[in-house]
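Asker: These are the residues of each chain, in order.
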Amino acid sequence: MADVPSDAPEHCPGTSSDQAGKSSACQGCPNQNICASGAAKAPDPAIEEIRQKMTSVKHKILVLSGKGGVGKSTFSAHLSHALASDDSTEVALLDVDICGPSIPKMMGLEGEQVHQSGSGWSPVYVEDNLAVMSIGFLLSSPDDAVIWRGPKKNGMIKQFLRDVDWGEVDYLIVDTPPGTSDEHLSIVQYLSGAGIDGAVIITTPQVKTQNTHPCSIKSIFHIFVT
Amino acid sequence: MTNMDSSEPGSLDQVKHVVLVLSGKGGVGKSTITTELALALRHSGHKVGILDVDLCGPSIPRMLSVGKPEVHQCDAGWVPVYADPQQQLALMSIGFLMEDPDEAVVWRGPKKTALIGQFVSDVAWGELDVLLVDTPPGTSDEHLAVLENLRKHKVDGAVLVTTPQAVSTGDVRREITFCKKTDVKILGIVENMSGFVCPHCSECSNIFSKGGGEELAKLTGSVFLGSVPLDPLLTASLEEGRDFLQAFPQSSTYTAISDIAKTLLSSLES
Chain A
1 MADVPSDAPE HCPGTSSDQA GKSSACQGCP NQNICASGAA KAPDPAIEEI
51 RQKMTSVKHK ILVLSGKGGV GKSTFSAHLS HALASDDSTE VALLDVDICG
101 PSIPKMMGLE GEQVHQSGSG WSPVYVEDNL AVMSIGFLLS SPDDAVIWRG
151 PKKNGMIKQF LRDVDWGEVD YLIVDTPPGT SDEHLSIVQY LSGAGIDGAV
201 IITTPQVKTQ NTHPCSIKSI FHIFVT
Chain B
1 MTNMDSSEPG SLDQVKHVVL VLSGKGGVGK STITTELALA LRHSGHKVGI
51 LDVDLCGPSI PRMLSVGKPE VHQCDAGWVP VYADPQQQLA LMSIGFLMED
101 PDEAVVWRGP KKTALIGQFV SDVAWGELDV LLVDTPPGTS DEHLAVLENL
151 RKHKVDGAVL VTTPQAVSTG DVRREITFCK KTDVKILGIV ENMSGFVCPH
201 CSECSNIFSK GGGEELAKLT GSVFLGSVPL DPLLTASLEE GRDFLQAFPQ
251 SSTYTAISDI AKTLLSSLES
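Sequences listed follow chains A and B, in order.
Counting in UniProt numbering, the first sequence tops out at residue 226, every number present.
Counting in UniProt numbering, the second sequence tops out at residue 270, every number present.
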């Protein structure tokens with residue numbers, strides 16, 4: 001899907017499109033020259049930076065669902081604990097639900113803060129071999145709301161992947177918010193260089209709800225294909 | 001269809017009250033509460049509309065058994081779909097505008113914002129007593145888009161839905177902050193899935209913990225509108241698109257929902 005900036009002119013073909021900078025809609029757009037030169041289509045340099053950072057992470061697993069409240073965070077938390085029950089396994093849990101971070105509470109880490117060092121942000125360790133990162137650790141109060149639009153959320157996810165000092169990790173579990181939107185596209189995009197092993201999809205028994213849901217499994221597959 | 005007095009498409013001039021239904025958390029029952037409140041208000045003789053802006057979860061059409069109807073435009077905007085023959089319950093869901101029901105919905109913020117913006121302003125509601133706006137969970141593009149577009153009219157406030165447990169109230173606290181920052185009045189908090197009464201022995205089990213909604217209301221100085229239990233009859237009615245309130249008027253869930261609707265209405269009309 002081509003990227004159309006929020007302040008783009010009407011009928012903008014998208015910055016990654018073949019028509020970027022060349023279509024009639026591009027006339028007068030301040031970005032026209034950049035798009036026409038192909039610079040806007042160039043892959044985000046962060047993807048390579050993240051690929052290098054992720055060389056110490058063996059497996060990356062996303063936990064997804066179209067619908068909210070089915071138990072993604074519950075499952076992510078318990079899967080992480082289960083994997084970390086083997087002391088020789090290093091586990092990391094990344095919470096990319098920017099607006100509704102549940103992981104700190106579920107892991108008993110409310111009130112914890114993140115520290116910066118020369119090698120990046122230090123995740124919070126709930127056990128010696130289980131590290132956690134969430135925007136929850138960056139908020140000063142439980143009442144703080146993260147009222148961010150897509151691009152800012154994407155920037156945060158980029159930082160989580162690029163700037164957190166995870167160290168040597170066997171499993172990186174990524175808990176996501178409900179739906180199939182910015183956060184999901186970003187995590188797949190930014191990990192495209194490093195590679196994702198796959199996703200676990202959480203659902204609940206109501207057949208009609210799950211199968212007719214627009215952000216259903218079909219949408220989830222679509223994220224990996226685009 | 002009533003005549004539109006205003007020349008502006010999608011005008012809410014004839015809508016008496018606009019209420020957002022919000023939650024920080026997914027899966028707490030916003031759509032369920034929106035649907036049941038709408039039905040309760042309709043049963044008490046009011047003309048109600050539901051605006052469903054949840055791109056990833058437009059479940060309200062199914063809950064009201066309207067399927068996937070064709071939507072038409074008139075001079076005044078999109079014509080809402082009526083869930084009842086008496087035309088007292090109007091519905092517009094963003095799901096109606098998606099060309100292919102199986103279309104994958106994988107959109108970034110700007111595209112969602114653009115679609116919602118157009119959608120919110122362009123529905124020809126006509127005369128309504130209450131318009132309920134069902135939203136997705138969170139505090140992001142969709143919510144800002146809804147507010148920006150409804151701002152041109154009047155928003156009475158928001159009803160916040162939570163479930164009893166701390167993980168849910170934690171997210172709803174953030175939603176309360178969102179309301180304060182965006183100047184949306186909090187009309188009250190509803191605690192959904194509040195206890196499960198066993199149909200065999202009538203014992204009540206607090207599956208999702210207890211009391212979180214009321215505590216949250218006290219903590220934040222908000223009104224506690226009431227609690228709705230986890231009722232398998234309600235769940236089944238919603239799955240099948242049946243009017244629960246009409247089918248089970250003797251149930252305690254019916255009383256709970258009707259009381260919440262009454263309290264909400266009196267706070268809107270005061």
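Worth flagging that the hints you see were computed from the coordinates, not collected in a lab.
Note that the coordinates shown come from a computational prediction; the quantities given were computed from them, not determined experimentally.
Positions of the beta carbon are idealized from the N, C-alpha and C atoms, including for glycine.
Incorrect hints may appear among the rest.
Just a few of them, taken from the derived set where beta-carbon distance is under 7 Å, the chain B residues facing chain A [claimed, not checked]:
#1 140
#2 167
#3 170
#4 171
#5 178
#6 208
#7 211
#8 251
#9 253
When the alpha-carbon atoms are kept at most 35 Å apart in a straight line, the in silico DSBU-like pairs for lysine-lysine are as follows [to be verified]:
#10 A:105 / B:16
#11 B:185 / B:16
#12 A:22 / B:16
#13 A:53 / B:154
#14 A:22 / B:181
#15 A:105 / A:53
#16 B:262 / A:152
#17 A:152 / B:154
#18 B:185 / A:152
#19 A:152 / B:180
#20 B:218 / B:111
#21 B:210 / B:180
#22 B:218 / B:68
#23 A:158 / B:181
#24 B:181 / A:105
#25 B:185 / A:22
#26 A:53 / B:16
Asker: Each hint should be assessed against the structure and marked as holding or not.
Answerer: Hints, one by one, checked against the model:
no. : hint          : result
1   : 140           : holds (5 Å)
2   : 167           : holds (5 Å)
3   : 170           : holds (6 Å)
4   : 171           : holds (4 Å)
5   : 178           : holds (5 Å)
6   : 208           : violated (10 Å)
7   : 211           : violated (17 Å)
8   : 251           : violated (20 Å)
9   : 253           : violated (18 Å)
10  : A:105 / B:16  : violated (41 Å)
11  : B:185 / B:16  : holds (16 Å)
12  : A:22 / B:16   : violated (49 Å)
13  : A:53 / B:154  : violated (50 Å)
14  : A:22 / B:181  : violated (41 Å)
15  : A:105 / A:53  : holds (27 Å)
16  : B:262 / A:152 : violated (41 Å)
17  : A:152 / B:154 : holds (29 Å)
18  : B:185 / A:152 : holds (26 Å)
19  : A:152 / B:180 : holds (21 Å)
20  : B:218 / B:111 : violated (38 Å)
21  : B:210 / B:180 : holds (26 Å)
22  : B:218 / B:68  : violated (41 Å)
23  : A:158 / B:181 : holds (27 Å)
24  : B:181 / A:105 : holds (24 Å)
25  : B:185 / A:22  : violated (47 Å)
26  : A:53 / B:16   : violated (56 Å)
Of the numbered hints given earlier, the model fails hints 6, 7, 8, 9, 10, 12, 13, 14, 16, 20, 22, 25, 26; all others are met.
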